[in-house]
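Chemist: Spelled out from the first residue to the last, the chains are:
2 protein chains.
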Amino acid sequence: MVIVGKKPKMRYVTACITLFNKGEKEILLRARGRSINNCIDVAFLLKKSFYSDLKIKNIAIGYDEAELEGNRRRYVSFIEILVSR
Amino acid sequence: MVIVGKKPKMRYVTACITLFNKGEKEILLRARGRSINNCIDVAFLLKKSFYSDLKIKNIAIGYDEAELEGNRRRYVSFIEILVSR
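Going line by line, the protein sequences match chains R and A.
Residue numbers for the first sequence follow my numbering, beginning at 1 and rising by one.
Residue numbers for the second sequence follow my numbering, beginning at 1 and rising by one.
Bear in mind the hints are in silico, worked out from the structure with no lab data behind them.
Hints may contain errors.
[Stated by the list, open to error] Here are the computed lysine to any residue pairs in the SDA-like style, where the Cα-Cα straight-line distance is at most 20 angstroms:
(1) R:K6 x R:I17
(2) R:K48 x A:E65
(3) A:K6 x R:F20
(4) A:K7 x R:G33
(5) R:K48 x R:R74
(6) A:K7 x A:F44
(7) R:K57 x A:I56
(8) A:K47 x R:R74
(9) R:K47 x A:A66
(10) A:K48 x R:K48
(11) R:K9 x R:F20
[What the hints assert, rightly or not] If you want the footprint, here are the derived chain A segments under chain R, 3+ residues with CB under 8 angstroms:
(12) 36-45
(13) 58-68
[As the list claims (entries may be wrong)] Here are some chain A residues the structure puts well away from chain R; computed CB gaps all over 10 angstroms:
(14) K25
(15) E26
(16) R30
From a predicted model like this one, the values you see are computed outputs, not experimental measurements.
From the three backbone atoms N, C-alpha and C, an ideal C-beta is built for every residue, glycine too.
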C-alpha cells in the first residue's frame, strides 16, 4: 500500500515503481481529504508515463471518522485505487 | 448531473435533493482536480444525512486534457460518482 499525501506526486510515483520492481503485482493507493486528487493523478501518471499496461482494478470511496477533543467528530472522505500490472 | 466545485458542500447536496424531489432516480456527481474530495463528501453527506437508502452505483476516475496557450497541455483528473435511490 502507498499512502498518498501532499508531497509532490513524483514521490509517490517513485514509491510505486520501487514496489513494482520488487515484484509486486498490485498496489493499493490510498488518500484522504485534500490528497484525493493527488492520488488519482498518481494512478494516471503511472499509467501514462511508466506502465502503459497498468490496470485500474478497483476504486473504492468511503469516509473515516476522526474523534476530536471535546467529543466532536469529524468525517474525512478517502479513496482507494487498486492498480495492477 | 451535478458538477461539484469549490462552493460549500451543502449547495451541491441541496441541488441533489431538488433533483431527487423532481423524480430523478439517479444523479451523476462530477468533479475535477481539487474539488474531487468535495464530491466524495457530497455523496456521503447525502447518504448519511438525507437518504439512508442511497446507493453508490458506480465510481469512475479519469483525466481531462486542457490545452493551454503555447501548445502546452495540462491534465486534470476527475471523478464521477453515480448515486441512485
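Chemist: Take the hints in turn and mark each one as holding or not.
Modeler: Quick rundown of the hints versus the structure:
1. Of the supplied pair hints, the one linking K6 (chain R) and I17 (chain R) holds, its CA atoms being roughly 19 angstroms apart against a limit of 20 angstroms.
2. Distance hint between K48 (chain R) and E65 (chain A) is fulfilled; the C-alpha atoms sit about 13 angstroms from each other, no more than 20 angstroms.
3. Restraint check for K6 (chain A) and F20 (chain R): the C-alpha separation of about 36 angstroms exceeds 20 angstroms, so the hint is violated.
4. With a CA separation close to 16 angstroms, the supplied pair K7 (chain A) and G33 (chain R) stays within the 20 angstroms bound.
5. Proposed proximity of K48 (chain R) and R74 (chain R) is contradicted: the alpha carbons are some 36 angstroms apart, above 20 angstroms.
6. A distance of roughly 16 angstroms separates the Cα atoms of K7 (chain A) and F44 (chain A); the hinted pair therefore holds under the 20 angstroms criterion.
7. Under the criterion of a C-alpha separation no larger than 20 angstroms, the hint pairing K57 (chain R) with I56 (chain A) is consistent with the structure, at around 17 angstroms.
8. With a C-alpha separation of about 16 angstroms, the suggested pairing of K47 (chain A) with R74 (chain R) holds against the 20 angstroms cut-off.
9. Simply put, K47 (chain R) and A66 (chain A) have alpha-carbon atoms about 18 angstroms apart, close enough for the 20 angstroms limit, and the pair holds.
10. Only pairs whose Cα atoms come within 20 angstroms are accepted, and K48 (chain A) paired with K48 (chain R) is rejected, the gap being roughly 36 angstroms.
11. With a C-alpha separation of about 17 angstroms, the suggested pairing of K9 (chain R) with F20 (chain R) holds against the 20 angstroms cut-off.
12. With 6 residues having a Cβ less than 8 angstroms from any Cβ of chain R, the region 36-45 of chain A passes the three-residue criterion, so the hint holds.
13. Coverage of the region 58-68 of chain A by chain R holds in this model, with 5 residues showing a Cβ closer than 8 angstroms to a Cβ of that chain against a need of three.
14. The beta carbon of K25 (chain A) sits about 21 angstroms from the closest Cβ of chain R, which is more than 10 angstroms, so the claim that it is off the interface holds.
15. Every beta carbon of chain R lies more than 10 angstroms from that of E26 (chain A), the smallest distance being close to 17 angstroms; the non-interface claim holds.
16. Its beta-carbon lying about 13 angstroms from the closest one in chain R, R30 (chain A) satisfies the requirement of being farther than 10 angstroms from that chain.
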